[in-house]
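S.K.: One-letter residues, chain by chain:
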Amino acid sequence: MKPIIRTEDLGKYFGEMAAVHAVNLNVQQGLFTSVIGPNGAGKTTLINLLSGYLLPDTGRIFFRDTEITRWEPHRRVKIGISRSFQVMNIFPRMTVFQNILLAVLSRLNKNSNPFSSLKSQKAAVEEAEKILNEVWLWKEKDHPASQISHGDQRLLELGIAVATDPQLCFLDEPSSGMNPIERIKVLELVKKLAAERKTTFVIVEHDMDVVFSLSDRIVVMNRGKILAEGKPDEIRGNQEVRDIYLGEEI
Amino acid sequence: MKKLALLLLVVLLGLLPLFVGKYTLYMTIHIMLLSLFSLGFNLLLGYTGLLSFGQAGFFAVGAYACAKILLAAPSLLLGILGGVAVAGVISLLLGLLSIRHTRIYFSMLTLCFGMMIFSLAWKWRDMTGGDDGLVGIPRAPLEVPGLFRINMTPMENYYYVVLVFTILAVYLFYRIVHSPLGLTLQGIRDSETRAACVGISVRNYRLISFTIAGLYAGLAGALLPPLESTVTPPVAHWSHSAEPVLATLLGGIYTFAGPIVGAALFYILKDIIVRFTEYWLICLGVIVLVLVMGFRGGVVSMFYGKGGQR
Amino acid sequence: MTARKKISRRAFLKAATAAGIGGMTWGLRGVSEAAPQKAKPKKKILGVDVIKIGGQGVTSGAHADYGWQILAGSTLAIEEINAKGGVLGSKLEMKFMDEELKPAVAVKNARYLATDWGAHLLFGVDSSGSSMAVGPVLPELDRICMFVHASTHRLTEELVAGKGIKQIFRISVPVYQESILSSLIFKEFPNIKRWAGIHCDYEYGYSVWALFQDTLKKYRPDVEFVSIAWAPFWTMDFSSHIAAVMAANPDAIHATPWAGEGVMLLRQALMLGVFDKVQAWFQCMGGSVDLLEGISREVAGGKFKDKLWATARYIHNYPDTPENKKFVANFRKRWNRLPNYSAETAYSTIYVFKAAVEKTRSLKTAELIKAIEGMEIMTPGGKRFFRPEDHQAVYNVPAGRVVMDPNYPIPVLGDLKVLPAKSYYRHPPFEAITFKK
Amino acid sequence: METLAFQGLVGLSVAMYLWLLAAGLTIVFGVLGVLNFAHGSLFMLGAYFAFTFYGLWGINFWLAIALSLLAVGVVGYLMERLFLRHIYHLDHAYQLLLTFGFILIFDDAVKMVWGGVAKIPAMPSFFEGTFSVFGRLFPFYNAFIIGSGLLVAVVLWLLFEKTWWGRMVRASASDREMASAIGVNIPTLFTGVFVLGAMLAALGGALGTPVRVVAPGIGAAMIIQAFIITVIGGLGNLKGAFVGAVIVGLLSAYGILLFPVFELFLIFVTMAVVLIVRPKGLFGG
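Chains as they are written, first to last, in the working numbering: chain A, 4 to 253; chain B, 17 to 326; chain C, 362 to 798; chain D, 1090 to 1374.
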């Protein structure tokens, strides 16, 4: 199978500290991939590099066959890469609906239309409403995004991320700050979206149970390097992985 | 209901010349100019999240360009539209330099560019007449050759011209901020990174916003010379850039009508305070302090309760 | 000197309240009125109880003293006239506003005074820019405006003689004074061959420097103009300018910065030892009271070595006439300070208005214009004649050395060089002055 | 050649006032992240206080300067404690607007207290006179200004590089959370820094009084230059402020000498060029 995204010895260094070092990553189309590892392993940095939020110091990034190493984020979105953020990142002053609509408009390249009213953007509106339903936010539709519950805000961010109809979507701890029930809910949703939208998801997640139940493939990072990579079972069996998690039950 | 109130306001403004004196009319024109000026400014601050302290520069470009045209070819329409166009071009160019920066850097840059235009107006005497400025600018007739020709000498007539331009510009602005473009700009204001990660080129849209703001400043500027028959460098000075800032803050940053209401308040306040004390600046300063410390929503949002986008 | 200023200020405030300048008590900015005494006149030839006069000048910022002097001079005249029963039975009333050196503000003021407050006559305006902005509006307002300080030749040469805006009059002498007069004086100094200029970086400085060079060159082909430095408004430090022109070893320096900036320039020139090098320094508006006050310490100390020359649009120790003596005395009695030129021009303006109204027995602008055109009138500054062609008052002011005089608390102009006004005025038809910067 | 050298020397003395002004501005921004629009007004206040103590009350020159620093320090303290402190969390726009409000207030306040007419205090006698350099006469006072400017530069360097307080300041400048984590009392520190900045501005103003005039609006007239300097040097960068000030001072000095017509413009052009080449300024990170 062809990798949807691939890196060649990718590196990012903050002064002495190697946040990401010599990473050769291969994400296969359609495989639900999780990136795990202890804090400071470089998971978020990696995603920032892949989504163009940071530029790498060394190495190259390929989306399918196009090199996108130094592309700006918005260009990567246009070829089908999307992401959510670890720290809540939505449009707080706009309504929930507008949050989604903006992303949809962007996908339809309608942003620059200066005169037509939002309602008149039929196609966009319909799709936005569809997504609102998919992420269970229909009833919150008209509330300012800053006013809805934290759980809903995470859902909203997920909604924004998929609203650009990506082929590849990075989710940085989509369930952070949620209680166990919500957590399951969100990850179930992610799985559902993956199935329905044929989107390849790459998530960073701490909840091992979830990770191992959900993922087709797991990438373990430590100190900026890829420690291990493989199917959940292979990872379970991996001694090094056990070591860094200090025998924590996995 | 809201529509009715609007209609009433328009009618009122339309009938104004019948029952107020020359001076009130003159002040009303100035209020309308400041409203346009502030609307454009607020597209940057309220809708795109960029505080420009150099808008007077583009106001001046519009004013000088219009004046130049009127002195060369006495056609009001030509002058005004020409002024707007030139202001648009200049703001596009300076925008390219400015939008690479955000937040405080942006504010300082715009401030410095504004002052650059000021010193240009002061220095480039062959073009601008130096500190004496351009004088004897005719209030040329409103004319479309072969169609119509309206004499502008009585101020009432010019008042109506300004009124029409204002109404059109305000309506246009309403459409813009409630369009996908408007939503996009608000997205950038709310979260630059998020906007970028849904595929929006933040820079390009900042540039668009900056240019539109420049166009509005230019329009306000272009309407000035026919009224005053002179243009002088102070219109480009940063203390003039501060007027839309104050007006917008006064009226409310995150409201559509804020800048307009603020503009009216600003002039009324100033005109009244000035008559009672020479220290109107200090009053203004205190007002600013109070607004920033206490009422960031501005006047308009007080009516709406929460100052949401309207 | 500061002590004196404080006294004069307090005295002014007292007086101001006495004169009913209500708004003024908290300083000089904004609106002020010299309200008429209650006594109602019996017959009303003009059909009005009061003749309303709207004035404006800079009463804020670094040049505030000029506006104050305009206000003080006109207030004095109005009080004198009202005390004698007013003009044709109508009392005079004044509203005075701050032009802030901003043309837009000056125009707004003019419009307010004429159309809202109902002024019959307008006067004042300090800055050239403001005068050029107010002038073109006057026809629309249908009011006369007597300019008492703004000094750009363009006001009368272009707007009146050129564009024919008849409502403009000017009672003060324009840039001819400092530029042409000074060149006529210094052509008599054979060993001053190398001139340098430190001039305001705006129209005023440009035209003065240009006229000075043109005229001097005519009489003295041998002089050179060796260097020039331009100083914009709000120049805080002239060291660089002074050093730059001194690098060319000039014999003399011609300078326009005025008010506070003029004082600063002269003090910094002293610091840099300029007066040990040059033979003369001509400070164009150095005869202005505020500037003389500012440097009196140094003059008393002989720091300028009698090399400092100056003129003004009027100087309190000239002419030696009863009118002038009376004016200066009354002014000092009233305000506890010496009158600056803008005080005299404002004072005389009120009397010109009086004469014009009494002549036409009406307040119609068109008739008043005719009355003032060609008018000859005796004023503290000497006999003034209003040229019909450009509405410019012709009168004579000498230039001289800045020296101390026992009769006055501050320096005066001594060793006066008196030339007939005709010789240093420009005369219609005017050809535009070409600036070579 | 000598002409150029001498002009440079004069330009340097002018640059030092700008340096004192820009230093405070850039320090405050670097640490508090607030661009103090009213910084020029503090400069003006410094001048007015110095004039009052020295020019009006005839207090000893040095003492007068010290007192004016103190007075402006108090003003700065109140500004920070009563106002700025409460809006650090807000968008930069509000901080800029707040300090802008202070410009309006200070400009009118000094008019109320000292009147609108320019004040002209005398030069302390021991500073009068000149000495000869490059065959020209150079005033002792300008030399003194250059000296004080350099001295302040050295002192600030020592303060930030060599003292505990300075290290704390630098730490909190680079990372507030981290700093407070290692036990820095951020609020007090911020107040301290703002007061320091205010005093630097005041020093610039106070040192100017004997040779300049004191009038309302001199602060607003200076602030634009200070902005340009910090933009050129890099916002929040002390070294940048110094270099920027020297550049601007020399540029205008040589501009006046060599191309009198474009002097004013040179500075803006320089700024534009710097921004195109190095958007964050010469020393900006």
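No lab work stands behind these hints: they were computed from the structure. Just so you know, even glycine gets a beta-carbon here, dropped at the ideal spot from N, CA and C. Heads up, some of the hints might be wrong.
Derived DSSO-like pairs (lysine-lysine); straight-line CA-CA distance at most 30 Å [to be verified]:
id, chain 1, residue 1, chain 2, residue 2
1, B, 38, C, 527
2, A, 122, B, 18
3, D, 1328, D, 1251
Per the computed footprint, the stretches of chain C lying under chain D, defined by three or more beta-carbons under 8 Å from a beta-carbon of chain D, are [unchecked claim]:
id, stretch
4, 488 to 494
5, 561 to 568
6, 589 to 599
S.K.: Looking at the structure, which of the earlier hints fail to hold?
M.R.: Those not satisfied are hints 4, 5.
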